[in-house]
Each structure stands twice: as structure tokens, then as C-alpha cells.
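Trainee: Once you know that position 91 of the sequence shown is 91 in UniProt numbering, the rest is easy, because the numbers rise by one and skip nothing.
Cut-off 25 Å, straight-line C-alpha distance, at most; resulting in silico cross-link-like pairs (SDA-like, lysine to any residue):
1. K173 x E10
2. K177 x T160
3. K74 x K96
4. K102 x E64
5. K176 x E86
6. K195 x T160
7. K102 x H148
8. K117 x D58
9. K117 x L59
10. K195 x Y66
11. K177 x R198
12. K178 x W83
13. K178 x V85
14. K22 x R152
15. K117 x H18
16. K176 x Y14
17. K144 x F27
18. K102 x G89
19. K22 x Y114
20. K177 x G89
21. K121 x F27
22. K178 x Y201
23. K195 x V125
Everything labelled a hint here was simulated from the structure, so no lab data went into it.
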Amino acid sequence: MSKRKHTELETPVYDPSHTFNKESKDFKPIIWIDCEMTGLDVFNDHIIEICCIITDGDLNIIDEGYESVIHYDKEVMDTMNEWCVEHHGDSGLTKKVIESEKTLETVERELLEYLEKFTIKGSAVLGGNTVHMDRAFMMREMPKALEHLHYRIIDVSSITEFGKRHNFNLIKKCPKKKEAHTARADILESIAQLKWYRDNYFVQPE
Numbered sequence: 001m002s003k004r005k006h007t008e009l010e011t012p013v014y015d016p017s018h019t020f021n022k023e024s025k026d027f028k029p030i031i032w033i034d035c036e037m038t039g040l041d042v043f044n045d046h047i048i049e050i051c052c053i054i055t056d057g058d059l060n061i062i063d064e065g066y067e068s069v070i071h072y073d074k075e076v077m078d079t080m081n082e083w084c085v086e087h088h089g090d091s092g093l094t095k096k097v098i099e100s101e102k103t104l105e106t107v108e109r110e111l112l113e114y115l116e117k118f119t120i121k122g123s124a125v126l127g128g129n130t131v132h133m134d135r136a137f138m139m140r141e142m143p144k145a146l147e148h149l150h151y152r153i154i155d156v157s158s159i160t161e162f163g164k165r166h167n168f169n170l171i172k173k174c175p176k177k178k179e180a181h182t183a184r185a186d187i188l189e190s191i192a193q194l195k196w197y198r199d200n201y202f203v204q205p206e
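Whole structure, please, built from the sequences with the hints as guidance.
Mentor: See the structure below:
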């Protein structure tokens with residue numbers, strides 16, 4: 001397999017013609033989830049935006065995905081740290097949170113229904129970048145949705161950190177993420193990044 005070189009990550013897209021069977025053992029789904037939070041304190045901060053995109057084991061996106069913004073009052077948003085105030089303000093997320101009419105309970109229910117539509121309970125692993133943090137927040141705020149997933153995770157950032165120690169010259173060639181810090185954009189970059197690792201790092205011996 002030849003190694004592909006790109007100056008930027010190729011954004012994956014959903015192809016409606018791609019078919020899948022959630023009952024098949026070959027499906028091997030990955031539930032890509034990214035949460036935007038009011039901060040990183042698992043015990044005091046909150047999920048304010050969540051996006052979920054599902055791929056099969058070959059990293060093909062099987063649906064447009066689910067995403068939603070959870071309502072919190074301005075008083076809650078004003079307590080965020082400087083980084084969150086700046087980035088969530090610049091992205092427009094803060095405004096969306098204040099204007100949203102969806103509660104945490106509503107979003108968790110919708111997410112679980114989405115997961116149940118496309119995957120069998122316990123069959124899909126959670127995927128993302130530093131996704132253990134998203135999992136920690138979901139464990140506290142969306143436990144029912146989290147229970148639908150397998151306990152294992154695919155953390156792309158772990159591959160990055162291992163690669164820096166094992167094959168730094170290759171890893172530094174991986175195109176940089178744009179890091180827009182919106183949930184959907186972050187997921188698509190994570191999928192693209194794992195595809196790059198698959199095609200350039202996890203290469204079959206010739």
C-alpha cells in the first residue's frame with residue numbers, strides 16, 4: 001500500500017449510497033462523539049453541545065449524524081473560564097446555548113434514540129480525540145446514552161502520543177487539525193486523522 005501525502009486532512013463526507021447492516025458482525029461501528037463543555041471540571045462544568053457521527057469499521061460515515069445544543073442561562077455561561085468565554089463566544093456557541101430550548105434530559109433521550117436506531121447495544125465503541133474526557137462528562141450527565149456503548153474506546157490522541165515516541169518523523173507529517181472547537185468539526189477531523197494514521201502509519205508490510 002502506497003503512502004498518501006496531504007497538506008491538510010481530507011474532511012470525510014457522508015455517502016448516502018453506502019449501505020450497512022447493524023446486525024452484521026462485520027459492521028464494527030464506532031460512535032464518534034465530541035462534547036463542548038463549560039469547562040473541564042467533570043464535577044461542576046456541563047456539556048453544552050454534543051455531536052455524534054457513526055462510522056463502520058472502515059471509517060465510512062453511515063448517516064448525517066446527530067447534534068444538539070443544551071440550554072443554560074446566561075448566568076451559568078458567565079461563570080466559564082477565559083478560554084471558554086473566548087472560544088464559545090467567537091464560535092457563536094454561547095449565544096446558541098442561551099437561546100436553545102432543549103434540556104439535558106431531552107438531548108440525552110434523543111441521542112439514545114439515535115444510537116439505538118443505528119447500532120445494537122454494546123456493539124459500538126466510543127471514538128474521538130481525548131475522548132475519555134467526553135466519556136467522563138457523559139458518565140455524569142448522560143449515563144443512559146453511555147450505557148448503550150461498549151466499554152472500550154478508540155482515542156485518536158493516544159495514537160498521536162504513541163507515534164511521537166515511536167515514529168516521530170512520520171507523525172510530524174500528519175496534517176495539522178484546524179481545531180475549530182465545534183463538536184461536528186472536531187469529530188470530522190478526528191475521523192480524518194485516524195484515516196491518515198491507517199493509511200500512513202498502520203501500513204501493511206510489503
